[in-house]
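Guided by the hints, dock chain B onto chain A, whose structure is given.
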Amino acid sequence: MRGLPTRWIALGVGVLIVAVAVAFATQVGDDPTVNEPSPLLGKDAPDVSLPAFDGSGDVSLESLEGRAVIVNFWNSWCIPCREEEPLLKDFYEAHADDPDVVLLGILRDDSLGTARRYAEERDMRWTLVDDPGGEAALAFGTRGQPETFAISTDGVIVGSQLGPVRSVDDLETLLAAAR
Amino acid sequence: MSERERAGMLSRRWVWLALAAVVVVTVGWVAWPSGSESVDARAQRLASELRCVECEGLSVADANTVTAEATRVDIRERIDAGENDAEIRQAYIDRYDESMLLNPSSDGLGVVVWALPVVVVLVGAAGVAYVVWRGRRTPRLPASLDDEAVVALADTSERDSVADDPRENEREFLLRSLADLDAEYATGDVDPESYATLHADYTARTAVLLRELDDPRSESSTGAPASPPPRWGRRLLVGGGVVGFACLAGVVLAFALGARLPGDLPTGNAASVSADEREARLRQAVEENPDAPTAFLALANFLERNDDYAGALEAYDRAGELDPTDPQAPAQAGWILFLSARGTADPGQQDALLEGARERLDRAVAIDPEYPDARFYRGMVLLRGYGDAAAAVPEFQRYLVLAPDTALAEQVRDVLAEAVAATGSTVPGAPN
Chain A
1 MRGLPTRWIA LGVGVLIVAV AVAFATQVGD DPTVNEPSPL LGKDAPDVSL PAFDGSGDVS
61 LESLEGRAVI VNFWNSWCIP CREEEPLLKD FYEAHADDPD VVLLGILRDD SLGTARRYAE
121 ERDMRWTLVD DPGGEAALAF GTRGQPETFA ISTDGVIVGS QLGPVRSVDD LETLLAAAR
Chain B
180 MSERERAGML SRRWVWLALA AVVVVTVGWV AWPSGSESVD ARAQRLASEL RCVECEGLSV
240 ADANTVTAEA TRVDIRERID AGENDAEIRQ AYIDRYDESM LLNPSSDGLG VVVWALPVVV
300 VLVGAAGVAY VVWRGRRTPR LPASLDDEAV VALADTSERD SVADDPRENE REFLLRSLAD
360 LDAEYATGDV DPESYATLHA DYTARTAVLL RELDDPRSES STGAPASPPP RWGRRLLVGG
420 GVVGFACLAG VVLAFALGAR LPGDLPTGNA ASVSADEREA RLRQAVEENP DAPTAFLALA
480 NFLERNDDYA GALEAYDRAG ELDPTDPQAP AQAGWILFLS ARGTADPGQQ DALLEGARER
540 LDRAVAIDPE YPDARFYRGM VLLRGYGDAA AAVPEFQRYL VLAPDTALAE QVRDVLAEAV
600 AATGSTVPGA PN
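The listed protein sequences derive, respectively, from chains A and B.
Just so we're aligned, residue 1 is where the first sequence starts under the numbering used here, counting upward by one.
Just so we're aligned, residue 180 is where the second sequence starts under the numbering used here, counting upward by one.
Hints should not be assumed to be uniformly reliable.
With a cut-off of at most 25 Å between alpha-carbon atoms, the simulated DMTMM-like pairs for lysine to aspartate or glutamate come out as follows [unchecked claim]:
no., chain 1, residue 1, chain 2, residue 2
1, A, Lys43, B, Glu277
2, A, Lys89, A, Asp169
3, A, Lys89, A, Glu172
4, A, Lys43, A, Asp170
5, A, Lys43, B, Glu262
6, A, Lys43, B, Glu256
7, A, Lys43, B, Asp273
Keep in mind that the hints were calculated from the coordinates and are not lab data.
Isolated chain A (complex conformation) (with noise of 0.2 Å):
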C-alpha cells in the first residue's frame, strides 16, 4: 500500500498532461472569429467620412444619421463580392425610392479606378465611396471583404454579416434591426 499515493500522483500528472493537451488539441484549427459576430454590435458606428466615387465630395456616417445605413465592404476583385452583387442591387432598388434608407458600399483593398470601372458596368447606383488609406475597414474592425453592417438610425451597429449575404431578405433583416 505503500507505493499507491505515489502511483496516485503519477496518474493524477498524467491525467493533466491528457486533459490540457486535449484542450489544446482541440482548438487547434477554430479560428474565434469564424461566425462570430462583430464586437462592435451595440456599439456607437465609427465617424469615418469617405470621398465619393461620383466626385461629389466625401460621405460621412455622422452626416447620415437619422436614417438606417447598409454598409457594404466590397472590392471588384472578390468573387464572394460579385457573387452578392445582383442582391445588393435588388436591395438597392427596392428602397431607392425611401428617404430613410441608405445603402452604402465602402471599397475595400482595391484600386479606384479598377473599381468605378467595375461599378459602372454592372449599374451599381447606390452610394459608393472609396477608403484609400484603409481607415474605415479598420474602424469597423473588418476581416475581409464581403462585410456588411446595420447601422440604427441613431447611429449604433445594430447587425454585421462576415461573408456575403445569401439573399435579399438578409438585407432587409440587417435593414430591420436598423430601422
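Showing chain B alone in chain A's frame:
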C-alpha cells in the same frame, strides 16, 4: 556530526546558494528592461503583437495588406496621442475581440499557457528541494555483527527469475552501492569516517532486505523500515526537478534570444537583421556581382515583398537581361506591371503598362512553357487587363495541370470558373 561533515555540509550549502544566485542574476539580467524604447520600436513591438486579420499566422508588423498598413498608422497615431500599451491593445480587442492578440490572453484557457511553465518550475524546484531534504533527514543506521554476516554471505549475482520483484532490484542496488563504496574507499575518494558511517548504513539496510527476501514475514532487526523505500515517488520528484530545470533554462534562453515573432526562425538568428540592413546587403551584393542574375533576383524579390515595385521591376528586368533563359524574372516583372496598371487611373498609362506586362509574360512563357506562375499571371492579364476570358481560360487550365496542389491553386480555380462563366459557360475544347 564531525567537523569534516560539518565543513562538507557548509561547502555544499555554499554551492547551492551560488547556483541560486547565478540563476537569479541571469534571469534578472536578461529580463530587465534595457534603456528607453523609441517610438518606432514601440510601434513595431505593438504591431508585432497584433494579428493580421486577413492573413494566416502573420502579425500586423509583417503583413502588407491595407488593413495591416492602416493598423500600423493607427498604432503610431495612438502612441502620439499618449495612449499606453494596454489602451492600444484594448482598442483592438474592442474592435476585433481577444483573437486579435497573438499572445495568449490572461484569462480562460490562456491562463494555462502562462501559468503552466511557472507551475512546472515551482513543482520541479519543490521536487528537488524535497529530495535534498529527505536525503538529509534519512537517519544513518548502525549495523550489527549479524547484519555484517548476512551481507557477507549474500549472493551478489543477478537473479533474473525474480526480476519482477522490486525488492530484488533494491537488493542489487544496495549490494552494488556497497561494492562501489568499498572501491571508492580503496582509492581514497572517501574519508574513513564517512566510509564507516555509510558502510554501516548500507549494510544494515541490505541486511534488512536480505532477511525479508528469505522470510517475508520477518521483522527488521534494526528497526528500519521493513520494505524498500518508495522509488516511484523519488523518481517522479527527480524527474520533476529535471523538467523544472529544463523549463527554467528554456525561459532564460527565450529571454536571451528575444520574443519569437511570426516569420522568425526558432533560433532567433534572423530577428536581429532589420529590413534596411537586408536591403543594404542585397544592394551591396548586386554592386559586387554586377553580372550575377541571382543577385538581382534576390534584390528584386526583396523589393517586391516590401512594396518597392519600381525598384523590383528594374532589378527583375536586369536579371532577365543577364539570364535570358530564366522565366522567373520576366514573369515577375510582368506581374508587377499588371498590378501597376490596375492601380493606375490614367487609361493611356494603363494601356502602356498592360502592354509591358503582356510582352514580358509572353517572353516568360516562350522561355519555359511549363513555368506555372507565368501561366497564371498571363491568364490574369488577359482576363482582368484585356477582358479576354476565352484566352485566359487555357492559361489557368495549364497552371492547374502544372501545379495542381499549390496554395494558389484554389484561387486559380475560382478565377478559372469566373473566366469560363464569362465565355458563356463552356470550356474551349471541352465536349459540349
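* **In rising order, the numbers of the hints this structure does not comply with** => none
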